[in-house]
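Engineer: One letter stands for each residue in the lines below.
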Amino acid sequence: MNIWQRLAGLHRQWIFILVWIAVIFPLIVPATFEISTTPEVKALYDAVEALPDSSVVMLTFDLYPNALAETEPMTRAALHHLFRNNHKVVTVTTIPLGGPSVAERVTRELAAEYGKVYGTDFVNLGYKPNYVSVLKGMGSSIESIYPADNSGTPLGRLPLMTTVKNYADIAFIFVVTDNGIIDFWISIVNAQFGKPVGAGVTSVMAPKQYAYIGSGQLTGMLGGMKGAAEYEQLVGKPALAVTGMGIQSLVHFLLIGLIVVGNLGFFMNRRSQAKKGGGA
Amino acid sequence: MRTLLPLAIAFISGLIMVIAFFINPEQKTVGTISQDLLIWSSIIGGFTFLLGAISITRVNWKQVSMRKPGWGYNLLTVLAVFVMAVPALWPAAWLPSGWERLAGRNAGSIYDWLFLYTATPMSQTMFAILAFYIASAAYRAFRARSTEATLLLLTASMVMLWRVPMGEAFLLFISPDLPGVINTYIMGGISLSVQRGIIIGAALGAATMSLRILLGIERTYMGRS
Amino acid sequence: MEIFQIWVMAFFTLAIFSFLYADNPVFKFAEHIFAGITAGYYVALYLDTVVKQQLWQPLTQDFNSNWLLIFPGILGLLMFARLYPRFSWLARIGLAFVMGTTAGVFLMSELHGNVLGQMAGTMQIQQTGGEPNYVLTILIIIGLISTLIYFYFSKEHVGALGATAKLGIWFIMISFGAHFGYTVMARISLLIGRVYFLWTDWIGSFIT
Chain A
1 MNIWQRLAGL
11 HRQWIFILVW
21 IAVIFPLIVP
31 ATFEISTTPE
41 VKALYDAVEA
51 LPDSSVVMLT
61 FDLYPNALAE
71 TEPMTRAALH
81 HLFRNNHKVV
91 TVTTIPLGGP
101 SVAERVTREL
111 AAEYGKVYGT
121 DFVNLGYKPN
131 YVSVLKGMGS
141 SIESIYPADN
151 SGTPLGRLPL
161 MTTVKNYADI
171 AFIFVVTDNG
181 IIDFWISIVN
191 AQFGKPVGAG
201 VTSVMAPKQY
211 AYIGSGQLTG
221 MLGGMKGAAE
231 YEQLVGKPAL
241 AVTGMGIQSL
251 VHFLLIGLIV
261 VGNLGFFMNR
271 RSQAKKGGGA
Chain B
1 MRTLLPLAIA
11 FISGLIMVIA
21 FFINPEQKTV
31 GTISQDLLIW
41 SSIIGGFTFL
51 LGAISITRVN
61 WKQVSMRKPG
71 WGYNLLTVLA
81 VFVMAVPALW
91 PAAWLPSGWE
101 RLAGRNAGSI
111 YDWLFLYTAT
121 PMSQTMFAIL
131 AFYIASAAYR
141 AFRARSTEAT
151 LLLLTASMVM
161 LWRVPMGEAF
171 LLFISPDLPG
181 VINTYIMGGI
191 SLSVQRGIII
201 GAALGAATMS
211 LRILLGIERT
221 YMGRS
Chain C
1 MEIFQIWVMA
11 FFTLAIFSFL
21 YADNPVFKFA
31 EHIFAGITAG
41 YYVALYLDTV
51 VKQQLWQPLT
61 QDFNSNWLLI
71 FPGILGLLMF
81 ARLYPRFSWL
91 ARIGLAFVMG
101 TTAGVFLMSE
111 LHGNVLGQMA
121 GTMQIQQTGG
131 EPNYVLTILI
141 IIGLISTLIY
151 FYFSKEHVGA
161 LGATAKLGIW
171 FIMISFGAHF
181 GYTVMARISL
191 LIGRVYFLWT
201 DWIGSFIT
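Chains as they are written, first to last, in my numbering: chain A, 1 to 280; chain B, 1 to 225; chain C, 1 to 208.
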């Protein structure tokens, strides 16, 4: 086996080891980087900044636990932003697995930091099945879809929900999601009820959202951990996403290096085989 | 009857929702009926998920009762279902004083604890290991064999550099306008147009499928007769 | 976070990571526990949020105003007929209701929100930094048309149609390349989350 064949045919366990090293090394030798802000993130930040005082914002936890590394930093930064600006927060989720629990945990933790009171400053409505029914139904009456909050307290007993009857009482919808539900927030809620929607999405989904940003259907977007890092920086609460950028940088360079090495091995091997074949 | 009744129900319920789209939701009759249909749909949808969860338990219990190979693992699954569901549904009033927090679904309950400290890390890790496979796949399969493949590779590499601070610094070193060009013309131009085409195509497909369901042409959701 | 909880999380994290080396009993153990806990999560969630909050409480607290909820309750219960082959056809009724309602909403929302919305967006002059960008606008129009033509398979891709479809392929390859770059980032981010936990919380618990 010549050097080019070896380069093009490394065993995958070696690849795994290299990835482990690239992820662990920046944790041992941490480095901070300046993170530039993209226009999409700035647009979302500015949209929230422009909201009048004590606006009601619907923050959605439409996320599964598997992508929490990307989505939880977004929800935390969003709550810092919203609570700091004295907005009221109503959280909902259309995802059964994890959404209600994560929403409960994160909102209560951040609310305690800002001295916010449950029922007056924030409410967790939890989950109801069939997202089409939920998204469309809340346009007429939130209480008909959610007779009680996530803990089972009737909405009539929550002071905030006595003033929030449907989308007309909500100033902005901040969707944090790791699945295609954002399409329905846009096609049902934004298109039919005219509500401004901003989104925090995982990196896998981010390229598609540019189409919605371009058409004005989406106000702004946080794309993956980078988007979360930018937002954390703008809000002034750097956390996991900002820390993760250093690790992300090294692994991306590793992957590009592997692609280059793999292609180099492939082409040089192909050339040497062509020469052998030509010589025979 | 077995086919006609469901088809008629699908048609009528769908037609009401289509008509409701064109009518002001404040309008009493259509507004109330369409809102009720949405609530009913939410309730029935919940039973569908319940059916799925019960099916999983049933399938695993069958493996255990028939002592199939690996039945021990299936028993674990069944036990986990009960350990999770029973405390969540147990009335807190039936527990001794001081233990009420363990019941229900709120923070501090057994339900919440198990989900947060066992299911969540497992779920996150299952997706985290994909990073290794994507690295291995990128190394093995990404070859610039053709013009199209080369375009894909070059764009992927540029975007991967652009999305990280170190990479962006490298791109700025090549040209100060390069990150802006990638954002504006690649993501906000070429990629946007393709994604828009896919969105429009998929939306037309979804609308077509919806119409087929309403008209009873598409019946696969009913299963075999 | 308490030490015991950290160790439980670390155990299950490492159990799943062990699959990278090979399938093994520890991974299988964790995998089956995960399946059971997830199913149990759903059972409790739906019994609480749907059966209790949306059906039982409205019917028992104010039957006169909510008696109509009996119907979705019956249709929902009929879903369980699927478990018995002889009566499985009864489940179709509830399913047809959900499918019909959803299809009715989708039909309009997809056409209105996605088709018309995206077409309207294409007809606007794109802005960059507040200034009109005609190059970008033309790029988007060309890209959209060539992509849609590429995916049109009812006619053979020859002549002008073929050339446009070829252009469409190049646009699509660039878009997929960008998508791949983002996907790589997504997967790495998830790995970062897990390794960060193991390093700071789990290994950190040995040191502190």
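No lab work stands behind these hints, which were simulated from the structure alone.
Remember, predicted model here, so these are calculated numbers, not experimental data.
Beta carbons: idealized from backbone N, C-alpha and C, even for Gly.
Be a bit skeptical, because a hint or two may be false.
Per label pair, the in silico range of CB-to-CB distance [claimed, not checked]: (1) A:Ala43 / B:Thr32: 22 to 30 Å; (2) C:Gly162 / A:Pro39: 51 to 59 Å; (3) C:Gly204 / A:Tyr114: 21 to 29 Å; (4) A:Glu109 / C:Ile203: 19 to 27 Å; (5) B:Thr220 / A:Thr162: 21 to 29 Å; (6) A:Tyr114 / B:Arg2: 52 to 60 Å; (7) B:Ile23 / A:Glu113: 42 to 50 Å; (8) C:Ile203 / B:Trp113: 53 to 61 Å; (9) A:Glu49 / C:Ile169: 54 to 62 Å.
Engineer: Each hint: holds or not?
Structural biologist: So, going through the hints one by one against the coordinates:
One distance hint, 22 to 30 Å for the beta-carbon pair A:Ala43 and B:Thr32, is violated here, with the actual separation near 38 Å. A hinted range of 51 to 59 Å for the beta carbons of C:Gly162 and A:Pro39 is inconsistent with their spacing of about 37 Å. About 27 Å separates the C-beta atoms of C:Gly204 and A:Tyr114, a value consistent with the hinted range of 21 to 29 Å. Roughly 24 Å separates the CB atoms of A:Glu109 and C:Ile203, a value that falls within the hinted 19 to 27 Å.
Between B:Thr220 and A:Thr162 the CB atoms are about 45 Å apart, so this pair departs from the stated range of 21 to 29 Å. Between A:Tyr114 and B:Arg2, the C-beta spacing of about 58 Å keeps the proposed range 52 to 60 Å intact. Judged by the Cβ atoms, the range 42 to 50 Å given for B:Ile23 and A:Glu113 holds: they are separated by roughly 45 Å. Distance hint for C:Ile203 and B:Trp113: a CB-CB separation of about 23 Å, inconsistent with the stated range 53 to 61 Å.
Distance hint check: the CB atoms of A:Glu49 and C:Ile169 are about 42 Å apart, inconsistent with the given range 54 to 62 Å.
In terms of the numbered hints stated before, the structure departs from hints 1, 2, 5, 8 and 9, listed from lowest to highest.
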